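> These protein sequence lines map, in sequence, to chains A and B. Numbered by the numbering used here, the letters in the first sequence go through residues 76 to 455 in order. Numbered by the numbering used here, the letters in the second sequence go through residues 76 to 455 in order.
Honestly, the hints are just simulated from the structure, not real lab data. Mixed in with the good hints there might be a few duds.
Identical chains share a label here; the pair holds if one copy fits it or two copies do between them.
The calculated lysine to any residue pairs, modelled on SDA-like cross-linking and capped at a C-alpha distance of 20 Å, are [to be verified]:
#1 Lys239 with Glu193
#2 Lys302 with Asn329
#3 Lys180 with Ile142
#4 Lys119 with Tyr242
#5 Lys393 with Ile358
#6 Lys393 with Asn197
#7 Lys382 with Trp233
#8 Lys194 with Lys438
#9 Lys194 with Trp233
#10 Lys194 with Pro252
#11 Lys194 with Ser389
#12 Lys180 with Pro327
#13 Lys128 with Lys454
#14 Lys393 with Pro355
#15 Lys239 with Tyr198
#16 Lys117 with Arg237
#17 Lys128 with Thr170
#18 Lys194 with Lys239
What you are looking at is a predicted structure, and each value in this text was computed from that prediction instead of being measured.
Protein chains: 2
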Amino acid sequence: MKSERRDFIKKAGVIASSAAILGAINCDNSSKKIKINRGSGKMKLTYYKYDLKMKHVFTIAKNSRTITPDMQVQIDYDGFTGYGEAAMPPYYPETPETAIKFYKKLDLAQFTDPFQIEKILNYVDSVETGNHFAKASIDIALHDLVGKLMDQPWYKIWGYDREKAPYTSFTIGIDKPEIVQQKTLEAAPYKVLKIKLGAGNDKEMIENVRKIAPEKQLYVDVNGGWKDKKKALDMAHWLQNQNVVFVEQPMPKNQIDDIAWLSENSPIPIVADESIHRIPDVIAARGVYTGINIKLMKSTGMREAHKMVNLARSFDMKILIGCMVASSCSISAASQLSPAIDWADLDGNLLISNDLHEGVLVKNGKLIIPERPGIGVKKL
Amino acid sequence: MKSERRDFIKKAGVIASSAAILGAINCDNSSKKIKINRGSGKMKLTYYKYDLKMKHVFTIAKNSRTITPDMQVQIDYDGFTGYGEAAMPPYYPETPETAIKFYKKLDLAQFTDPFQIEKILNYVDSVETGNHFAKASIDIALHDLVGKLMDQPWYKIWGYDREKAPYTSFTIGIDKPEIVQQKTLEAAPYKVLKIKLGAGNDKEMIENVRKIAPEKQLYVDVNGGWKDKKKALDMAHWLQNQNVVFVEQPMPKNQIDDIAWLSENSPIPIVADESIHRIPDVIAARGVYTGINIKLMKSTGMREAHKMVNLARSFDMKILIGCMVASSCSISAASQLSPAIDWADLDGNLLISNDLHEGVLVKNGKLIIPERPGIGVKKL
Chain A
76 MKSERRDFIK KAGVIASSAA ILGAINCDNS SKKIKINRGS GKMKLTYYKY
126 DLKMKHVFTI AKNSRTITPD MQVQIDYDGF TGYGEAAMPP YYPETPETAI
176 KFYKKLDLAQ FTDPFQIEKI LNYVDSVETG NHFAKASIDI ALHDLVGKLM
226 DQPWYKIWGY DREKAPYTSF TIGIDKPEIV QQKTLEAAPY KVLKIKLGAG
276 NDKEMIENVR KIAPEKQLYV DVNGGWKDKK KALDMAHWLQ NQNVVFVEQP
326 MPKNQIDDIA WLSENSPIPI VADESIHRIP DVIAARGVYT GINIKLMKST
376 GMREAHKMVN LARSFDMKIL IGCMVASSCS ISAASQLSPA IDWADLDGNL
426 LISNDLHEGV LVKNGKLIIP ERPGIGVKKL
Chain B
76 MKSERRDFIK KAGVIASSAA ILGAINCDNS SKKIKINRGS GKMKLTYYKY
126 DLKMKHVFTI AKNSRTITPD MQVQIDYDGF TGYGEAAMPP YYPETPETAI
176 KFYKKLDLAQ FTDPFQIEKI LNYVDSVETG NHFAKASIDI ALHDLVGKLM
226 DQPWYKIWGY DREKAPYTSF TIGIDKPEIV QQKTLEAAPY KVLKIKLGAG
276 NDKEMIENVR KIAPEKQLYV DVNGGWKDKK KALDMAHWLQ NQNVVFVEQP
326 MPKNQIDDIA WLSENSPIPI VADESIHRIP DVIAARGVYT GINIKLMKST
376 GMREAHKMVN LARSFDMKIL IGCMVASSCS ISAASQLSPA IDWADLDGNL
426 LISNDLHEGV LVKNGKLIIP ERPGIGVKKL
């Protein structure tokens, strides 16, 4: 534990010297030096802003960027440290500033037993509406801490088989033919590619991927880009012939009747993404979509995500687990759930050049969940 | 572990001498002596029939009895022992004989890692349809084992607060006025009574209880005894004025529309019992009942029961946890879930005189979940 502690100070120092620290190190005792509360029986929250540097300029429909803002979080208790993260791409309403405002409202020191996860997270959820990403960072740090107190990784605590972790897809964005082909070439190590469609050049996108990777399994994400249900169904049939496994968010989330009709008639599963945040969204998706995409940042973390997995399974719905651009912290947390789901799109940590953690690995395209306790990360 | 082992042999010896053992001690190696597989990395199932002796003759609508047939189960692995139980009241289709037939089909020795609960229980579930009680006994023993391997009780592993365990009700059966009054007097230590109704003397039953316990909170269980929805609604109003908290299974489970109408209009919750076994029954109960009664024997054990708890919570349904007449083994297993639910009816172990385990206790009517690991039992 002491070496972890030193690593944190060292890391915090590096970040401070590059002027990336925004908030105070400790919301409750910002004027005091951090010390380990070994045996104190109180939980202590610390956090700092950290800019994730993109390996390549990242382009989505709305903009391009070279960094992804991020909050790194830790909870110390009795000599143990749990790590968490809120990854905050700019196209979501939450920012490091809204997260810090949220953390400052939290009083985790009132809890003397981190095992009371349900009670603690109900409190965290009650402090403020929204703030799903910030809530997720606390949830992840708490799970990491409790897993370490039990000396077990969460996939084991949840009773899952590590070997059943799926392949992860690697995402190919909408771009010019030569760039799409180049990216498909670079994605050679991945068994599955997720292709972004919906910009009007759908068949061309797939055909460019197929020039480089004629046999590879593909997932398709339309981000609500189709408007006409009959054309969407025609595309679903065409995509099935292209060895596409499922279509994510084919139409805008408010076209509920059209999506339900498409799900009923499509030869491949139709997966909800923009429609899905928390538990009530899974209930609403039943009978509309064939499957759901669960992301820890949107679900408020691992506990609610796990409940959503069980809920979707009870409804016989398919499950994709997705992510934001993020460090290996939240990606490793998500990987703990991966043996319980159908498809994984956990490539967020592969896109950054300044990861803070060693955690889940990808070998021959397959997720390798770490055997370390908690969420399985080790500070780099 | 060795002393546990000796206890088991001693207990088995006592039972053998009273001719209660029915099946072989070990389905796979019945000719060999039992030995602890410390470090062997294989799970070993043993089981024996055990008659639970009733403290008092037990009378329900259909019959009277002095014993409740029961199967006691254990899984040994690497020097650790997990205990399980199938309690088998005679008004259910499963018997010790059907359970033994089921156990003989199981090959648990194929599994080298008890932590893979999902995989193991999916296998157990796939071996045969039905056999919910027998499946529950395996599930409970596996949870006890894995909890011991983690050195934690399941309420903690699941993240619940031990202090939130509810009061348990104590059941008063349909009987003559003087017996009902006598039983209500004997139930003085319990804060809540569950009154069986549906035999035509409903108001008289409540009035006899009220003569002895004028203020006590009451639950009511009709076991499908009412047929007319309007009379049922009148009774629900009358019962509300009698400080009754909820009505369980007011009408036969096939009167779905009538029950849905009653739930919609009743001033107190309407709880499903006969309708609820496993996950699909919870989905079917949504919009029909206000709440559900979960019993480990019907749900196939702790894992599915926990999923049902999360499912019912997602539907904003109330949850009662119930039981059969049973030893403290399965009652203690059920108590692990009790901080997550609204109401408990876990009095099954209080009705027998030859308990085999020390486990969950009742103090001033409240369930005291043991702090021991696993399901929290210690062999007596």
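> Can you give the numbers of the hints that this structure goes against, from lowest to highest?
Per hint list: 3, 4, 8, 10 and 12 violated.
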